[in-house]
Amino acid sequence: MSGAFSYLPEAGSDKGSLIKGLQLVQSREGYVSDDAVRAVSAHFGVPEAEVEGVLTFYAQFKRTKPGKYQISICDGTACHIKGSTQIAAWLAAELGIGNGQTTEDGLFSIETVACLGCCSLAPCMAVNGKVHAKLDRKSLTRILNEYKKMN
Amino acid sequence: MASIKRIKVGTASCGLAAGAGAVLEAFRRCAGSVPVAEVGCIGHCYAEPIVEAELDNGESVFYCRVKGTDEAAKAILSLTDEGRFIIPERRRELEHIFVTRLAGRINPVDLAEYKANGGFKGLERAISMTPAQVVDEVKASGLRGRGGAGFPTGMKWSFLAAKQVPDKVMICNADEGDPGAFMDRSMMESVPFQVLEGMMIGAWATGATRLFIYCRAEYPLAIKHLKIAIAEMKKAGLDKLPGRPAPLEIVIKEGAGAFVCGEETAMIHSLEGGRGTPRFRPPFPTDSGWNGLPTSINNVETFANIPPLMVEGGEHFASIGTEKGKGTKIFALAGDVENPGLTEVPLGVTLAEVVYEIGGAKPGTVKAVQTGGPSGGCIPADKFDTKIDYDSLKALGAIMGSGGLIVIGNHRCMVETARYFLSFTQRESCGKCTFCRVGTTRMHETLERIVAGKGVESDIDFLEQLGDKVRKGALCGLGQTAPNPALSTIRYFRNEYLAHVRDHVCEAKQCAALVDVKVDPSKCIKCRLCVRTCPVGAIDPETIVVDNDKCSKCNSCIEVCPKKTISRVLRGEGYHSSNAQK
Ligand SMILES: Cc1cc2nc3c(=O)[nH]c(=O)nc-3n(C[C@H](O)[C@H](O)[C@H](O)COP(=O)(O)O)c2cc1C
Ligand code: FES
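Top line first, the protein sequences correspond to chains P and B. First residue of the first sequence? That's 407 in this note's numbering, and the numbers climb one at a time after it. First residue of the second sequence? That's 2 in this note's numbering, and the numbers climb one at a time after it.
Source of the hints: derived by calculation from the structure; they are not laboratory data. Please read these numbers as outputs of a predicted model, since none were measured by experiment. Quick reminder that beta carbons are idealized off the backbone N, C-alpha and C, glycines included. One thing to keep in mind: the hints can contain errors.
To be verified - Have a look at the derived ranges for each label pair, beta carbon to beta carbon:
1) B/R428 - P/S545: 21 to 29 Å
2) P/G418 - B/D383: 51 to 59 Å
3) P/R434 - B/S578: 48 to 56 Å
The whole structure should be built from the sequences, with the hints applied where relevant.
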């Protein structure tokens, strides 16, 4: 454990930085593992149960390893009105996984978020932070194929 | 003829999503000695990617929907007439550009450029006055908070200023939780210095010593620009105030995806590192906030109003808008409109002016507009002559909220819209108080039942009664406003509810359980693209008939059909193999 999360002090050590610490872990590891929970608990001097409490409260934190390409499909109001339910269904059908899951080859994972701030170009999704806008059936397939081809 | 002094490419999130990255690269390749700058968003997101050619005679030429190719870049560099973008005359008349004056016009992270355009003049004027005078000026302006509740900003500041303690906190609420609102994102990305200058003026007026910005993590570019801007201010000594022993602490905290954290007491808990649950008020944050210190919270747009307000003066500010709603408001227009994007209008314009004249929606095609997000309501088109301000929208059962304005076309189902919002609030309820936790869950379940075609007429009364109780009984604003989307749609669109529960009909053909999918054989060319695309094998390859017992209503076939022969029809109008066998 000691070596693995040695960067934690970068987030500070006061309890107020607990969320920041967890965000740091997630940005480095991609998710927050059980080992990470133990390390964070020890570092901030906060019981593990409380760390879990904070983790489960915030939608941002992942407890399982996400795919190489993390797809955030927007289900904010604008995207919902413009058909994000269907986009999510197509995505699930194309990749064979649902919300919060990762494909077996570890390439893609899907999470649903509420608004990427690009509502004027709805419906949108982000892949590793890059926003793809005005999605439809065809562009969705094309985008997925582009990412698949890179591997 | 004038020549080009500089090329500006809009690379805010909306621009990038529309392809501004490639446009920028094309100009970097082709522009030669002409400087190429990245700027934020001018609000006309529907026209992205947007390029501005700044001329040496002081004028500018705008281009819209620019392609990321060398030819496109070269054409613009020779000031082609093609693709020029002119803001429609009527829109110009209706808008009042006050807060967004610099948004999309300057390099967001260039301090010198911000200053050259009047930046930090507001702070300069503020510190030439006493803090009490600044508070009075903000009071006189009539500025009310732009984050939702509309509390008078000057008054809030006076509460904080009255606290005689050495350490006080001022928080900028940049959580922008309303899914469908994006003006705060745009302001932070486009003019981060303006938001920070507003906070510095606030710190001067109230004696605040620590400045926090709580920004949602979904806005990486906003966070990046704010971080650069803070570092630039530090370098230039602009984080210091006269008479203060030390520079101010300015810290960005990233939210972690919880809507309730936009509520001020929840935000304070989150900033303290714990679960973001709200608490009962009083004590108000100005009495006991972050770690017990007096704390005041204002929204991004509220802070962005402060510098121009200080430059122009409170009296000028108060001359804009209505009796009880002073100044301008930025609205985020999205949904079924031609011109989605941001628009800054004086309070008091009508919904019709915003939706039809600025948004470009055709009268007759729009059913309602949703304002205020999950806390707000749906206003029907026959009320669009309403002048927009805090009180008028409240009287209609909606709220102005942070300024999200979602236009809902005739082809959308209002019951499904209400269900969507309740699913959101139900999920986001922190679970602390029973009314919100259980109430939103029951309301959501009931709406789920109705859209699934399993509702009964008494469900509508149940929603109204329970909604009223949740409104009154919930601990914080989330629960108190959560019933609004359901209550306002029942109020104005009861017919749709009745059609769902009595006849099991969704006129808009949106509720999957109440529709069938059908191929029009007269137009079908038997290309069988639909057969190949259908994920559940519901379409017969010989007859090209959709079996609605198998169909998952995913619309894939409808989207791929080259002849547009497939559509949703009312339930019962399509083929069901189970019926055929009988
Ligand atoms: C559930 C909930 C969510 C909120 N979300 C936001 C938000 O995202 N942004 C915001 O500025 N205010 C939000 N508010 C309002 C804040 O509690 C607070 O009133 C506001 O930040 C005060 O700033 P202002 O006076 O400048 O508007 C929210 C309130 C509630 C109850
Ligand atoms: S609602 Fe999808 S980006 Fe805002």
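Results of checking the hints against the structure:
1. B/R428 - P/S545: 21 to 29 Å: Holds, since B/R428 and P/S545 (Cβ atoms, about 28 Å apart) stay within the stated range.
2. P/G418 - B/D383: 51 to 59 Å: holds (55 Å)
3. P/R434 - B/S578: 48 to 56 Å: Holds, since P/R434 and B/S578 (Cβ atoms, about 53 Å apart) stay within the stated range.
The structure meets every hint from the earlier list without exception.
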